[in-house]
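Taking the hints into account, I'd like the entire structure generated from these sequences.
2 protein chains.
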Amino acid sequence: MEQVQLLKVDKEDAYDGVIVEMDKPMDPEAFVAALRASISQWRQKGKKGVWIKLRIGLSNLVHPAVEEGFHYHHAEQDYLLLVKWIPTDIPISIPANASHRVGIGAFVVNSERKVLVVLEKNGVFRGTGVWKLPTGVVEEGEDICAAAIREVEEETGIDTEFVEILAFRQSHKSFFTKSDLFFACMLRPKSFNIKKQEAEIEAAKWMPIEDYSEQTFVKENQQFNLIAKICIERLNEQTTGFIPKAVIKGGGRKNFVYCPKSQL
Amino acid sequence: MEQVQLLKVDKEDAYDGVIVEMDKPMDPEAFVAALRASISQWRQKGKKGVWIKLRIGLSNLVHPAVEEGFHYHHAEQDYLLLVKWIPTDIPISIPANASHRVGIGAFVVNSERKVLVVLEKNGVFRGTGVWKLPTGVVEEGEDICAAAIREVEEETGIDTEFVEILAFRQSHKSFFTKSDLFFACMLRPKSFNIKKQEAEIEAAKWMPIEDYSEQTFVKENQQFNLIAKICIERLNEQTTGFIPKAVIKGGGRKNFVYCPKSQL
Chain W
1 MEQVQLLKVD
11 KEDAYDGVIV
21 EMDKPMDPEA
31 FVAALRASIS
41 QWRQKGKKGV
51 WIKLRIGLSN
61 LVHPAVEEGF
71 HYHHAEQDYL
81 LLVKWIPTDI
91 PISIPANASH
101 RVGIGAFVVN
111 SERKVLVVLE
121 KNGVFRGTGV
131 WKLPTGVVEE
141 GEDICAAAIR
151 EVEEETGIDT
161 EFVEILAFRQ
171 SHKSFFTKSD
181 LFFACMLRPK
191 SFNIKKQEAE
201 IEAAKWMPIE
211 DYSEQTFVKE
221 NQQFNLIAKI
231 CIERLNEQTT
241 GFIPKAVIKG
251 GGRKNFVYCP
261 KSQL
Chain U
1 MEQVQLLKVD
11 KEDAYDGVIV
21 EMDKPMDPEA
31 FVAALRASIS
41 QWRQKGKKGV
51 WIKLRIGLSN
61 LVHPAVEEGF
71 HYHHAEQDYL
81 LLVKWIPTDI
91 PISIPANASH
101 RVGIGAFVVN
111 SERKVLVVLE
121 KNGVFRGTGV
131 WKLPTGVVEE
141 GEDICAAAIR
151 EVEEETGIDT
161 EFVEILAFRQ
171 SHKSFFTKSD
181 LFFACMLRPK
191 SFNIKKQEAE
201 IEAAKWMPIE
211 DYSEQTFVKE
221 NQQFNLIAKI
231 CIERLNEQTT
241 GFIPKAVIKG
251 GGRKNFVYCP
261 KSQL
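Protein chains in written order, with UniProt numbering: chain W, 1 to 264; chain U, 1 to 264.
This list has only true hints and no planted wrong ones.
One copy or two, either will do: identical chains are not told apart, so a pair holds if it fits within one copy or between any two.
Calculated lysine-lysine pairs in the BS3-like style (CA-CA distance at most 27 Å, straight line):
1. K47 x K121
2. K24 x K173
3. K121 x K196
4. K219 x K261
5. K8 x K173
6. K114 x K261
7. K132 x K205
Since the hints were made in silico from the structure, they are not lab data.
Printed below as a string of structure tokens:
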């Protein structure tokens, strides 16, 4: 009998799943033979889900894996994760893919009730003359409160400390099938001299808060109008948002819970 | 000169991008020839990003696309989206992939200050005896407030109406490189007879709120403990959360902004 090499399991998960991380090139035919033999063995061991992570350099193995009954789970720039459910008598139960992009908008006000605003060079606001709060996307592994500080610094050069989440908005189909969560954040400025970013920002300035909220676009767009009202109510201390509170997880990892103020 | 067919552009975006949605099989060599000719033309027209969406049935075109300089952007069960940045003199600017999974936990209390709790059949709490709030994952395109109502109904058969977001927690690397946002939601029960789900739930019951929060696991896990405290403070009307307010977007689509109560 011919010997077939089995695929190396890199990790098993808490749900009877096996994870194979392929990073070395493999001949597609040898890959298929190894995959079939491995699945047969995993089935005998009662394994349920089989995960194969293929680095982009191994894209020649994507088609063979799909032909063996795998489907896609998710992809990042440099890898594709495929999954196959082995049992025929147990309903498929596969963890959900990431469904949301997360963004922030930063409400930064100085002691003269002037708010930090920008004119964007690109995107849907290009050329509209609408002064906006600095906004940006939360990066992989980044805390929302850290992202808000980073974006303000990148776009305007202003140092800030995080105060509160004032509100958030969920929207759908913002990019292909993906949804979007946008967090309106209040920050306190620690510096005041603007140094605007060249690549994305046409102009940046401190603007009286009422001039910001009275812009036609802000008044007529329900979402912008509502968030501007919440910002002003917060400034007038008529409302409060959620503050970040660190909690320690297993492994010493710190997460933030954003919660009402009475908790501190 | 030989005629090469160009790829059909399905959509152009606001950022000088072209989107090609491949759904019919194509010979890999013909695909590469068409791709090269198309990119040459798009480059002349000043296009920047090229997006190719390949249905899983066309997985034989993944490797050729990667060899032509495309990388992965994201994937869902039945498709892979690849992208290539054409200009060599303009910094790469490609929209972020979805980075977060979104989940909910439901705090449902009846008039006797009993909270709706479940014992889970699967996952990390299997066999631990820990009574938990019903939890679940927000589905593609689903509003957080709708997901909370759906999960409570699915797991326990209880009808509810949504009241407030009490707090939320962000965590990282919850699944491969993906982050997680978990929203603690308060709901008001509209029915009281529990019909538990067979597949995922071992048992479900109404439990005195203090018995829930006094469980060793809940007391010792910082996140569970904090969220339990916020739930009890909200029950005692010592704090308030964010309520959903619908805003209408262009195209008549409705989004929810979750915001402090003074806004209504």
